[in-house]
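When you get a sec, could you build the whole thing from the sequences and use the hints?
Per the numbering used here, residue 1 is the first one in the sequence shown, and the count goes up by one each step.
Fair warning: there could be bad hints in the mix.
With a straight-line cut-off of 25 Å between C-alpha atoms, the simulated SDA-like cross-links for lysine to any residue are [stated by the list, open to error]:
| hint | residue 1 | residue 2 |
| --- | --- | --- |
| 1 | K29 | L74 |
| 2 | K29 | M49 |
| 3 | K29 | S15 |
| 4 | K29 | Q7 |
| 5 | K29 | R86 |
| 6 | K29 | A83 |
| 7 | K29 | S75 |
To be clear, the hints were calculated from the coordinates, so they are not data collected in a lab. None of the values given here were measured: they were computed from a predicted structure.
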Amino acid sequence: MFARTYQVHATDQISSRALLTPAFMERFKALAQRLGAPAVLVQDNRLVMALATGNRDFLRPPSFFEPATARTRLSELHDDIAALLRAADAVIGLDQSTRFNP
Numbered sequence: 001m002f003a004r005t006y007q008v009h010a011t012d013q014i015s016s017r018a019l020l021t022p023a024f025m026e027r028f029k030a031l032a033q034r035l036g037a038p039a040v041l042v043q044d045n046r047l048v049m050a051l052a053t054g055n056r057d058f059l060r061p062p063s064f065f066e067p068a069t070a071r072t073r074l075s076e077l078h079d080d081i082a083a084l085l086r087a088a089d090a091v092i093g094l095d096q097s098t099r100f101n102p
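Below is the structure:
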């Protein structure tokens, strides 16, 4: 369950419940499994996510000089980008009244 794993602090319960949709929570958990739990701050109409990548080469393309590992690294890069886009899609899919516009 999301509430047992993550700490959520809010001053506006209505807005926080609008953001924490099942789709957002599932995609957030998938991103956390891939990278470690991100820290998220929502203020006004902005959502900022700080990713804890640890020692991983997150979003780094393979080295041109190490072609033997290029396929594995490209696959990891693809999966990293896909995880980020799924999390972004969850935010974009919010109701028009609660959507966070830059």
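Taking the earlier hints as the rules, which of them does this structure contradict?
none
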